[in-house]
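A.B. asks: Spelled out, the chains give:
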Amino acid sequence: EPEVTQTPSHQVTQMGQEVILRCVPISNHLYFYWYRQILGQKVEFLVSFYNNEISEKSEIFDDQFSVERPDGSNFTLKIRSTKLEDSAMYFCASSVLDGTDTQYFGPGTRLTVL
Amino acid sequence: AQSVTQLDSHVSVSEGTPVLLRCNYSSSYSPSLFWYVQHPNKGLQLLLKYTSAATLVKGINGFEAEFKKSETSFHLTKPSAHMSDAAEYFCVVSEGGNYQLIWGAGTKLIIKP
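Chains as they are written, first to last, in this note's numbering: chain U, 1 to 114; chain Y, 1001 to 1113.
This is chain U alone, in the form it adopts within the complex (with noise of 0.2 Å):
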């Protein structure tokens, strides 16, 4: 069964460094998003994308924030001059259709920064 894969599954960063987080989404899907769970706390949306534009974005996707398809596979997010607080686990996910379409998640990238 096809899945949404994560690189890599854990990354360590010191504080002020860029990290991109790299996502393979389901072949046919054409939605992609990105949610992170700081630990303890609930997940909370990040971003979706669409067509090679954002569709969406919550107010955590400030200009720190950016996503890219850079080919047609794969789907990223960079976090640059990362802080102490971006430490969480990443979640990428994609779905064939938008709105109430189901979502699929991938494993998650821990990100730990320093």
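No lab work stands behind these hints, which were simulated from the structure alone.
For glycine and all other residues, C-beta sits at the position ideal for the given N, C-alpha and C.
Derived Cβ-Cβ restraints for the label pairs, each shown as a range:
hint : chain 1 : residue 1 : chain 2 : residue 2 : range
1    : U       : Asn28     : Y       : Ser1012   : 38 to 44 Å
2    : U       : Leu30     : Y       : Lys1112   : 41 to 47 Å
3    : U       : Lys78     : Y       : Ser1009   : 31 to 37 Å
4    : Y       : Ser1012   : U       : Leu97     : 36 to 42 Å
5    : U       : Ile60     : Y       : Leu1046   : 19 to 25 Å
6    : U       : Ile20     : Y       : Lys1112   : 42 to 48 Å
7    : U       : Val24     : Y       : Pro1018   : 38 to 44 Å
8    : Y       : Ile1110   : U       : Ile38     : 20 to 26 Å
Once you've looked at the hints, dock chain Y against the given chain U.
C.D. replies: For chain Y alone, kept in the frame of chain U given last:
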């Protein structure tokens, strides 16, 4: 504005007994509702979803949930718990036209042998 409240942060049941995980939602429009499960050190897996068809929704692993509009509830149940059900369960709401999912805080299900 949408929101989700999971009424219990932890639920503990004995193996073989019924499971009830409670969820209430608030939504301005006709929502879609989901339950996701997260096993330790694993990703988020869809258990089931409601999208305005039948109000009783059956999911994987013997779980089901009933949408009750009058009570704004979407409780998750299973007749008989298994040790492998130990995980964290998230109730999630989405409104048509919005891309984002709104998540509850999660309920940790503990299964006692």
